[in-house]
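Chemist: Since chain Y is already given, all that's left is putting chains P and C on it; use the hints.
Single-letter residue listing:
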Amino acid sequence: MKKHLSLFMFLLIAGTALAQSPEAKLKELKIELFTPPAPMANYVRAVRTGNLIYLAGHGPTRADGTNIQGKVGRDLTVEQGYDAAKQTGIALLSTLKSEIGDLSKVKRIVKVLGMVNCTEDFKDQPKVINGFSDLMVAVFGEKGKHARSAVGMYALPSNIAVEIEIIVEVE
Amino acid sequence: MKKHLSLFMFLLIAGTALAQSPEAKLKELKIELFTPPAPMANYVRAVRTGNLIYLAGHGPTRADGTNIQGKVGRDLTVEQGYDAAKQTGIALLSTLKSEIGDLSKVKRIVKVLGMVNCTEDFKDQPKVINGFSDLMVAVFGEKGKHARSAVGMYALPSNIAVEIEIIVEVE
Amino acid sequence: MKKHLSLFMFLLIAGTALAQSPEAKLKELKIELFTPPAPMANYVRAVRTGNLIYLAGHGPTRADGTNIQGKVGRDLTVEQGYDAAKQTGIALLSTLKSEIGDLSKVKRIVKVLGMVNCTEDFKDQPKVINGFSDLMVAVFGEKGKHARSAVGMYALPSNIAVEIEIIVEVE
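Residue numbers (our numbering), protein chains in the order written: chain Y, 86 to 256; chain P, 86 to 256; chain C, 86 to 256.
Just chain Y, same shape as in the assembly (with noise of 0.2 Å):
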């Protein structure tokens, strides 16, 4: 009896895991979303249309506004660039949970475009990128797995390190 006590305890805990929320998991992270700051132009960060979300180009933006600049193979290492790359994807989730309430709502992180500030013989934009794409893994699991392009550009604004726009498939 004991024992299938403990198995439907199991059961109940691996079910509430595989349940857990985006939220949850963010809390779990130790990652706060913020307030996205207004863009600096004539745009704004997120359009609808039909099911799909476009998200502006977002920089590795924190909390209190400043960004992490410089550029990778140069200016910042590989695992520098891995973290600016989370960090965008912190910010990119911030504007996308301020438009859609609730991050529950994602149905598919469905296409990325990673653009790296690197040097020109750099050729690691990848692991660069995947910050951004280990913490969409992590807090939507399957949902979180994007068609992606990794690439390195020549000049990004304010010399931000990376800048990634994204496509969200909501219900």
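Note that these hints are calculated values from the structure, not bench results. Don't take each hint at face value.
Copies of one chain are not kept apart here, so a pair can be met inside one copy or by any two copies together.
The list that follows gives simulated cross-link-like pairs (lysine-lysine, DSSO-like), each with its CA atoms no further than 30 Å apart [stated by the list, open to error]:
hint	residue 1	residue 2
1	182	208
2	192	208
3	228	182
4	212	112
5	190	230
6	192	228
7	230	110
8	208	112
9	110	192
Modeler: Same frame as chain Y, now just chains P and C:
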């Protein structure tokens, strides 16, 4: 009675301004659309799927077929880059009108990728692409507000100053 | 009577050619698709939403898993760049076939972003990406004609010569 008439005239004029068609607005801005030149290669200027139109990357092509060329930050100032982005917007609207006939069918400018041919230390890509974004908002009002990325490119075809691709939702 | 038979045979053959499947066309072009390698990072090769398939950025990967590398304008000629773009198209079709099983389901190649790893003074990105576009039109006919951007990149992953991402509409 005269007062009431003035108020009536004011409301009539205000209402007309609000209901102004994109074509009328373009005329007011003294902007003339033109017949877009054929693509330089084996592709088309626009493809529609459902109610979305994907426009090919356009450059700052003038009505006579010439382009604004050069790198912003070296050959062109930010203001000249702004003008190039505006001209690119005129080229895109020319293609869009040739596709849908009537710009009043535009429901939303959804997504914009603005690419600036610039120097490595150039940081004001958003100020350049504003030349495009300001035109869209001037012509379409709220419907013209889009999600956008503005980034710096190493090289563009024929050394054009700006290349922009957009997604438009139509009725 | 013989004349009528010839005409009949001609129409039969012409009809067959028009109805030729993309797979038959690839065979005629002596192009073999291959099993696409697993992505280098935490993402997937393609995501479908509605009747659109977003394909991740692909490089000029050969069947043996090696890539065409180098910068066009320095390491590679325009012709070699064209071949790299064609090879990228073969890699994309390989992924597409593994996703939908039968390339006859393709309704339209909708949108293409073609990125060329090139020198700063290189101006012929369209001629390079034609290697991809010409293949699409050869395989799919009118359905293969797409909206496209062709731009010059500072750096691409593993120094690949070309990276292309596409959106495909399917039945």
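Chemist: So which of those numbered hints doesn't the model satisfy?
Modeler: Hints 2 and 8 not satisfied by this model.
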